[in-house]
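K.L.:
Residues per chain are reported as follows:
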Amino acid sequence: MNLLSVSNLHVNFHTKERELAALIDVSFTLNRGERIAIVGESGAGKSVLGFSIVNLIGKPGYIESGSIKLENKELTKMNLRQLQEIRGKRIAMIFQDPMMTLNPVITIGDQLVETIRSHTKISYKDARNIAIEKLHHVQIASPERRFNQYPHELSGGMRQRVIIASVLLLNPDIIIADEPTTALDVTIQAEILQLLLAICRDNGVALVLISHDLGVVSKVAERTLVMYAGHIVEEGPTLEIINDPQHPYTQGLLNALPQMTLPGQRLNQIQGSMPSLAERPSGCAFHPRCPYATQKCREQQPRFIYSGVSSVACFLVEDMLNEFAEQDQEAN
Amino acid sequence: MKYSKKDLIHPIPSSRWHHVWSGFVGDKLAILALIVFLFYCLVALLAPLVAPFDIADPAFMDLMNAEIAPSWISGDERFLLGTDAQGRDLLSVILYGTRLSLTIGICAVLIQATLGICIGLIAGYLGGRIDNFLMRCADIQLSFSNMMVAIVFLAIFQSLFGIALYQQLAMVILILVIGLTEWPLFARTIRASVLAEKQKEYVDAARVMGISSKRIMFRHILPNTLSPILVIFTVQIANAIVAEAALSFLGLGMPATEPSLGSLISAGFAYMFAGSWWICVIPSLTLILLILVMNLLGDWLRDHLNPRTYKD
Amino acid sequence: MATPLIQISGLEKAFSTNESWFSQWRFHQGKLKRHKDSVHALNGVNLTINQGETLCVVGETGCGKSTLARVIMGLTTPSAGEIHYLDQRIDQLNNRQRMFFRRRMQMVFQNPYASLNPRMTVYQTLSEPISFHNPQFSQAQVDEQIDELLESVGISASSSDRYPHEFSGGQRQRISLARALSVEPDFIVADEPLSALDVSVQAQVLNLMMDKQEERNLSYLFITHDLAVVEHFATRVAVMYLGRVCELAPTRTLFSAPKHPYTRALLSAIPRLDSNIAQPIRLIGEVPTPTEKPIGCVFQARCPYANQRCYEQSPAMVLQNDGSSVACHAIEEGRL
Numbered sequence: 001m002n003l004l005s006v007s008n009l010h011v012n013f014h015t016k017e018r019e020l021a022a023l024i025d026v027s028f029t030l031n032r033g034e035r036i037a038i039v040g041e042s043g044a045g046k047s048v049l050g051f052s053i054v055n056l057i058g059k060p061g062y063i064e065s066g067s068i069k070l071e072n073k074e075l076t077k078m079n080l081r082q083l084q085e086i087r088g089k090r091i092a093m094i095f096q097d098p099m100m101t102l103n104p105v106i107t108i109g110d111q112l113v114e115t116i117r118s119h120t121k122i123s124y125k126d127a128r129n130i131a132i133e134k135l136h137h138v139q140i141a142s143p144e145r146r147f148n149q150y151p152h153e154l155s156g157g158m159r160q161r162v163i164i165a166s167v168l169l170l171n172p173d174i175i176i177a178d179e180p181t182t183a184l185d186v187t188i189q190a191e192i193l194q195l196l197l198a199i200c201r202d203n204g205v206a207l208v209l210i211s212h213d214l215g216v217v218s219k220v221a222e223r224t225l226v227m228y229a230g231h232i233v234e235e236g237p238t239l240e241i242i243n244d245p246q247h248p249y250t251q252g253l254l255n256a257l258p259q260m261t262l263p264g265q266r267l268n269q270i271q272g273s274m275p276s277l278a279e280r281p282s283g284c285a286f287h288p289r290c291p292y293a294t295q296k297c298r299e300q301q302p303r304f305i306y307s308g309v310s311s312v313a314c315f316l317v318e319d320m321l322n323e324f325a326e327q328d329q330e331a332n
Numbered sequence: 001m002k003y004s005k006k007d008l009i010h011p012i013p014s015s016r017w018h019h020v021w022s023g024f025v026g027d028k029l030a031i032l033a034l035i036v037f038l039f040y041c042l043v044a045l046l047a048p049l050v051a052p053f054d055i056a057d058p059a060f061m062d063l064m065n066a067e068i069a070p071s072w073i074s075g076d077e078r079f080l081l082g083t084d085a086q087g088r089d090l091l092s093v094i095l096y097g098t099r100l101s102l103t104i105g106i107c108a109v110l111i112q113a114t115l116g117i118c119i120g121l122i123a124g125y126l127g128g129r130i131d132n133f134l135m136r137c138a139d140i141q142l143s144f145s146n147m148m149v150a151i152v153f154l155a156i157f158q159s160l161f162g163i164a165l166y167q168q169l170a171m172v173i174l175i176l177v178i179g180l181t182e183w184p185l186f187a188r189t190i191r192a193s194v195l196a197e198k199q200k201e202y203v204d205a206a207r208v209m210g211i212s213s214k215r216i217m218f219r220h221i222l223p224n225t226l227s228p229i230l231v232i233f234t235v236q237i238a239n240a241i242v243a244e245a246a247l248s249f250l251g252l253g254m255p256a257t258e259p260s261l262g263s264l265i266s267a268g269f270a271y272m273f274a275g276s277w278w279i280c281v282i283p284s285l286t287l288i289l290l291i292l293v294m295n296l297l298g299d300w301l302r303d304h305l306n307p308r309t310y311k312d
Numbered sequence: 001m002a003t004p005l006i007q008i009s010g011l012e013k014a015f016s017t018n019e020s021w022f023s024q025w026r027f028h029q030g031k032l033k034r035h036k037d038s039v040h041a042l043n044g045v046n047l048t049i050n051q052g053e054t055l056c057v058v059g060e061t062g063c064g065k066s067t068l069a070r071v072i073m074g075l076t077t078p079s080a081g082e083i084h085y086l087d088q089r090i091d092q093l094n095n096r097q098r099m100f101f102r103r104r105m106q107m108v109f110q111n112p113y114a115s116l117n118p119r120m121t122v123y124q125t126l127s128e129p130i131s132f133h134n135p136q137f138s139q140a141q142v143d144e145q146i147d148e149l150l151e152s153v154g155i156s157a158s159s160s161d162r163y164p165h166e167f168s169g170g171q172r173q174r175i176s177l178a179r180a181l182s183v184e185p186d187f188i189v190a191d192e193p194l195s196a197l198d199v200s201v202q203a204q205v206l207n208l209m210m211d212k213q214e215e216r217n218l219s220y221l222f223i224t225h226d227l228a229v230v231e232h233f234a235t236r237v238a239v240m241y242l243g244r245v246c247e248l249a250p251t252r253t254l255f256s257a258p259k260h261p262y263t264r265a266l267l268s269a270i271p272r273l274d275s276n277i278a279q280p281i282r283l284i285g286e287v288p289t290p291t292e293k294p295i296g297c298v299f300q301a302r303c304p305y306a307n308q309r310c311y312e313q314s315p316a317m318v319l320q321n322d323g324s325s326v327a328c329h330a331i332e333e334g335r336l
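Protein chains in written order, with this note's numbering: chain A, 1 to 332; chain B, 1 to 312; chain C, 1 to 336.
Quick caveat, the hints were computed from the structure, so don't treat them as lab data.
It is possible that part of the hints are untrue.
[Stated by the list, open to error] Restraint-style ranges between C-beta atoms, simulated for each label pair:
1. 74/A x 195/C: 37 to 45 Å
2. 136/B x 195/C: 37 to 45 Å
3. 99/C x 34/B: 43 to 51 Å
4. 84/A x 143/B: 44 to 52 Å
5. 147/C x 60/A: 35 to 43 Å
6. 304/C x 73/A: 46 to 54 Å
[Said to hold, decoys possible] In silico contact screen, one side only, chain C against chain B (beta carbon under 7 Å); selected entries:
7. 76
8. 80
9. 99
10. 102
11. 107
12. 111
13. 114
14. 119
15. 121
16. 123
17. 130
18. 284
19. 331
Only a predicted model underlies this, so the values are computations on that prediction, with no experimental measurement involved.
Glycine included, every Cβ here is placed at the ideal spot set by N, Cα and C.
Bound-form chain A, shown alone:
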């Protein structure tokens, strides 16, 4: 059975004029211990998706319809108390900016101890021992000294380690990491990614990595979901998606990377930019930027189909598949 299954999720933002759709018909599943990535540019809705899994989307956003199931429990129907039990204990979140989670006026040790003691009844001393052990676990040197330091005394990479340690305290089943390394330098980023990967592997934790960086994703995730303008446009094994992208957007995204072109040559750019919530185009949301767009793309929403490599929502791929099927029939 799936650990987490999201089906037909619609998330809207409420404004004075009208309802703006942030997520449209999003479905995916996550197995125990699996690592998936949600990739997209800013405005694609990937962070909204991350937040709505734990029902943390703040006003004016709300879940319009759809279901999010953690094993058998429906998260969208839960009250705040039940949700708080789930958050942290079953599903933990890591944000881009560690200072969003760390309280600047409390030592990191006390914050860790408080987290443990709010969920389990143990003495301060025991909690302290667990906290120090976890700090050690995330490869923080001299954890006893760090225990009494304030967040501002640590570097960005060190803070992110503390966050990972705090996430580990309650042994969650799922970690949702929203751009965990974007604010860090490359050398630190590599270390944090390795740490995250090792922790998920060692403890059988499932990971949802939200990122805009395909390079980062390829290092960590087994399966990748590509989002564009509130839709999942492609889903499949990470290696397949990187080596053989099906959706024109994924292709464009990959081709736009500098390493895809010879040095000094013009890069393969995608024209235009991501539409804002208020100006979502009709039909396939990508059609204004798509080099292959047809009349059909402008009018209808493509279905999600399995192409043999990955699942894609694109008429181009669908038509191609249909053509192949017809040829097969004729041959038979």
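Position chains B and C relative to chain A; hints supplied.
P.N.:
Chains B and C alone, transformed into the frame defined by chain A:
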């Protein structure tokens, strides 16, 4: 590469003021406050036209008509809101008084703002010793209560130059006194905004272009610090009107021949317990409503011009 | 060889961290003493930028790369060292003397949301520098130049009366570039111009910058932390660490044969798509804050090859056989 016409970017128009305006239309209290305030301004501007009596007319003051109650009590149709102890029509006096109070308030705050904005801009943009010096001046200024400064100054002026000259110049002096004592508020707010704006890259971009400091301060930074100014502006006008009323109440403000709302209240106060309550109460209500409306507008502006509530 | 466009020698910059006079007094052994704390952002940088080339400066947060850009542009004055523009020294100039060089050198900034004045329309943003530096221009000439400039960066001239918030990040960065180009410079400093943009938009802006370079024979000093962009765009690369250049090499050479231990670690840490690359080289510890002027090699604390000499003596840039220059004792001694 040349861009073909088709590839050029045409952005979709949207406007910040459109956002503020749409927020405004949705807020009934804000609309009401604005309407009332505009009504006050209109009445103040048109006082000579709408007032039933001309206060400059010598026949206006007629002791025969003294202390007539408002028309709904006395039944005297000539005086809608009754008359004061000197037999002046209260409605006309209030209209002229509002005009005077608003003029003093607005002019005083204009002085405050000009001084405060210049000092705040210079202190914030140039920084260092100049900043330290100017802000310590502001601290010293703030450590004296503005009321105290005004009282001392006005009392000295009256005793030095005599009441006659004072009464001639009362309005100008009041404007100057109130205007010069409250600039630090503007200066501090502007300085704080300038310090934040100075960090932004558009200021660096202008410096890299070789644009002069003066132009950067007034053309680039100042327009970006105006929203908080607008808020303080409305609240400060209200404060200035109150300050003027308080000074007048203490007998240091406008003379009885040229009454502002404050001096009307002050004059009427003596008759409060003699049965002629309206001479004091009606101008007071007028003043309270004006101050309330201005504060409401200020609050509303603060909420809606705040960049944190408006995200682009 | 022709004179380099920009020559930087021995550039140092220290920022005072306790600016206020009152906080500079400390009790030290029973006596009140004045003490200035400072951070040494640049510790002797030597660089040349040739005409028509793109010199990329890479390094992590706190290595002084942005300070370098600001010092070159005259936004802050250096503590020591010299900057020459075609043989003319420019680091000691006052505002008026610098005016000529303002036209020659321009800058593009990192944050597209902060680098355009939100209260000025695109037209105002562009017309200010044009009419400021070309007072002889008539209104019609200014208008014509703005329209031309906007269309050359891919923005419709009819949108010149719009405010910056009506544009997306990538579009704003195009306008920033148009502003920099408006005075027709031949040298542009770009301080992380792509880091706030999405991948597909990064490609657009990078293409635009390359087009402009070709059209106008521009030279770029391109500051970035994104090595993929560097590999694609740079003619030469300077790797900075704690305020010093530790390796300077032609792009091809640097990426195929990195020499300095720090460069090696940096290159191995890029998350690449092709997954069969060796494990990244782990560096111990974090980048320290240089409150003292460093003695010895700046990389000593994190370098796996550091020996006693590295702690005592600062390595000089040594030209290697393949055209790169490296400041490392280990390489000089043949230990690496």
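K.L.:
Determine for every hint whether it applies to the structure shown.
P.N.:
Here's how the hints hold up against the structure:
no.: 1; hint: 74/A x 195/C: 37 to 45 Å; verdict: holds, 41 Å
no.: 2; hint: 136/B x 195/C: 37 to 45 Å; verdict: holds, 41 Å
no.: 3; hint: 99/C x 34/B: 43 to 51 Å; verdict: holds, 48 Å
no.: 4; hint: 84/A x 143/B: 44 to 52 Å; verdict: holds, 49 Å
no.: 5; hint: 147/C x 60/A: 35 to 43 Å; verdict: holds, 40 Å
no.: 6; hint: 304/C x 73/A: 46 to 54 Å; verdict: holds, 49 Å
no.: 7; hint: 76; verdict: violated, 10 Å
no.: 8; hint: 80; verdict: violated, 22 Å
no.: 9; hint: 99; verdict: holds, 5 Å
no.: 10; hint: 102; verdict: holds, 4 Å
no.: 11; hint: 107; verdict: holds, 5 Å
no.: 12; hint: 111; verdict: holds, 6 Å
no.: 13; hint: 114; verdict: holds, 4 Å
no.: 14; hint: 119; verdict: holds, 4 Å
no.: 15; hint: 121; verdict: violated, 12 Å
no.: 16; hint: 123; verdict: violated, 13 Å
no.: 17; hint: 130; verdict: violated, 10 Å
no.: 18; hint: 284; verdict: violated, 34 Å
no.: 19; hint: 331; verdict: violated, 38 Å
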